[in-house]
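J.: Residues per chain, in single letters:
There are 2 protein chains.
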Amino acid sequence: MVKILIVEDNEELLDLVAGYFKSKGSFDVFTAADGNAALKLVDEKDFDIAILDIMLPGPDGFEICKALRGKSRCPIVFLTALGNEDNILKGYEIGADEYMVKPFSPKVLYAKSLALLSRTEAELTKEVVIECSGIRLYPLRMDVEAGGQKIKLAPKEYFLLKVLMENKGIVLDRDRLLDLVWGVGFDGTDRTVDSHIKKLRKSLGSYGSAIKTVIGGGYKIC
Amino acid sequence: MVKILIVEDNEELLDLVAGYFKSKGSFDVFTAADGNAALKLVDEKDFDIAILDIMLPGPDGFEICKALRGKSRCPIVFLTALGNEDNILKGYEIGADEYMVKPFSPKVLYAKSLALLSRTEAELTKEVVIECSGIRLYPLRMDVEAGGQKIKLAPKEYFLLKVLMENKGIVLDRDRLLDLVWGVGFDGTDRTVDSHIKKLRKSLGSYGSAIKTVIGGGYKIC
DNA sequence: TACGCATGTGACCTTTGTATGACCATACAA
DNA sequence: TTGTATGGTCATACAAAGGTCACATGCGTA
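Chains as they are written, first to last, in my numbering: chain A, 1 to 222; chain H, 1001 to 1222.
Note that these hints are calculated values from the structure, not bench results.
Check each hint, because a few of them may be wrong.
What the hints assert, rightly or not - With a straight-line cut-off of 27 Å between C-alpha atoms, the simulated BS3-like cross-links for lysine-lysine are:
| hint | chain 1 | residue 1 | chain 2 | residue 2 |
| --- | --- | --- | --- | --- |
| 1 | H | K1162 | A | K3 |
| 2 | A | K150 | H | K1152 |
| 3 | H | K1212 | A | K156 |
| 4 | A | K202 | H | K1107 |
| 5 | H | K1022 | H | K1107 |
| 6 | H | K1198 | A | K156 |
| 7 | A | K152 | A | K198 |
| 8 | A | K66 | A | K45 |
| 9 | H | K1162 | A | K150 |
| 10 | A | K40 | A | K22 |
| 11 | H | K1152 | H | K1202 |
| 12 | H | K1152 | H | K1199 |
| 13 | A | K152 | H | K1162 |
| 14 | H | K1107 | A | K112 |
| 15 | A | K3 | A | K45 |
| 16 | A | K22 | H | K1152 |
| 17 | A | K150 | H | K1212 |
| 18 | A | K22 | H | K1162 |
| 19 | A | K199 | A | K162 |
| 20 | A | K199 | H | K1212 |
| 21 | H | K1202 | H | K1066 |
| 22 | H | K1202 | A | K152 |
| 23 | H | K1162 | A | K112 |
| 24 | A | K152 | H | K1152 |
| 25 | A | K152 | H | K1212 |
| 26 | H | K1156 | A | K22 |
| 27 | H | K1212 | A | K162 |
| 28 | H | K1198 | A | K152 |
All of these numbers come straight from a predicted model, not from anything done at the bench.
Construct the entire structure; sequences and hints are all you get.
T.: Set out below in structure tokens:
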């Protein structure tokens, strides 16, 4: 997820823009309607991109820009009213990356933001990976690769591997695995775990040895 | 001067919106409170932009949209009541550019209108494409090609494919697909998704295999 | 070494999930 | 009106996956 900060005192416009980014599903959207709230957010979070109105109650967009630049080089887009060339000049001086002149379409703002992030939409949602011992697991794609080779896993195998990889190096006993993979309500035997560990190891081929048996303890990966 | 047509049967709302545009000074505002008056205006004038309520006495907004599209590619904004997803669907089919859900602010409507007007011809015809496995989807035209061959899809098939392609490689479970394609209010069964996946695959012919079933997970494309 | 216990393994049957085609209701166009 | 396209539901058929068992193997300890 990309963390985005949107600061705009016009509530309707703020909702419109924030809603547009939220609807895309790959943004963590944080909003502020005045300068102080914005500065507080800047202090607390690390943003990947910021969209700032200039005219704000309290500290203005330039102040927020400076605060952001104090901690990162993330792209900053200014929103400005028509015909305010002075502001545009000043904005570039203190490190803005883009300008949008109001009124603008959220679609165009979104497109510009993507360009600034220089990532495609697909890439934005593709970047989550858990890796370990040459095994890569892509939670969103539900894909697993071992040594660059795609591996086909049954659902239980996949979730079992996921739980193990999410707890890399940590021993999980059979009861815990049953809870995490099968759900707490499941009343099967712990031999079920063994059985699926076996299937998982087999599916992983030579990479199956990454899953270690801890006698009397359970299983762990790495 | 920009010639704008505003059609709305609620007199108060019509005055409000028309007044807002008039106050900006750069619009020639024409209004109609029912379908027949609107059609007459469409016949007589060439508008640069139109704002249409859907529910109207006489011919509805869709009729007027068709009449407009019969003579120009001017931007068309529909006004619709909340929770009327069917209308939105239908509107896009017959060539609407934007939607405003009531209640809305004249200011935002004005902003959207300006944004629509400021699109250059190039932008309008610029081909936005989502591509994947030999399938190309043109969101603006609602067209789909597979292997260079144009494919005719039913609306639900199209939107299903669009959602999948917008999330290329990412597994979407049936609930998520129901939310994204059918809308969050829809209370149908998962089997509906399967059914439409099947129809979509069939429509795509040999390219249908690009849609992968992830057992226990849902569907993904690529 | 021998024993008991823990784990690995393959076979088996059961359960679940998905694909598919038929069917009906609806909306729209001719 | 009739015919056509679409959308949603259902029943059925199948294939995939899951769970259990019996037995084999391996480990740690007395």
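J.: None of the hints should be skipped; say for each whether it holds.
T.: So, going through the hints one by one against the coordinates:
no.	hint	verdict
1	H:K1162 <-> A:K3	holds, 25 Å
2	A:K150 <-> H:K1152	violated, 33 Å
3	H:K1212 <-> A:K156	holds, 18 Å
4	A:K202 <-> H:K1107	violated, 63 Å
5	H:K1022 <-> H:K1107	holds, 12 Å
6	H:K1198 <-> A:K156	holds, 25 Å
7	A:K152 <-> A:K198	holds, 15 Å
8	A:K66 <-> A:K45	holds, 15 Å
9	H:K1162 <-> A:K150	holds, 26 Å
10	A:K40 <-> A:K22	holds, 21 Å
11	H:K1152 <-> H:K1202	holds, 11 Å
12	H:K1152 <-> H:K1199	holds, 12 Å
13	A:K152 <-> H:K1162	holds, 26 Å
14	H:K1107 <-> A:K112	holds, 23 Å
15	A:K3 <-> A:K45	holds, 9 Å
16	A:K22 <-> H:K1152	violated, 31 Å
17	A:K150 <-> H:K1212	holds, 15 Å
18	A:K22 <-> H:K1162	holds, 18 Å
19	A:K199 <-> A:K162	holds, 14 Å
20	A:K199 <-> H:K1212	holds, 23 Å
21	H:K1202 <-> H:K1066	violated, 31 Å
22	H:K1202 <-> A:K152	holds, 25 Å
23	H:K1162 <-> A:K112	holds, 22 Å
24	A:K152 <-> H:K1152	violated, 33 Å
25	A:K152 <-> H:K1212	holds, 12 Å
26	H:K1156 <-> A:K22	holds, 23 Å
27	H:K1212 <-> A:K162	holds, 20 Å
28	H:K1198 <-> A:K152	holds, 23 Å
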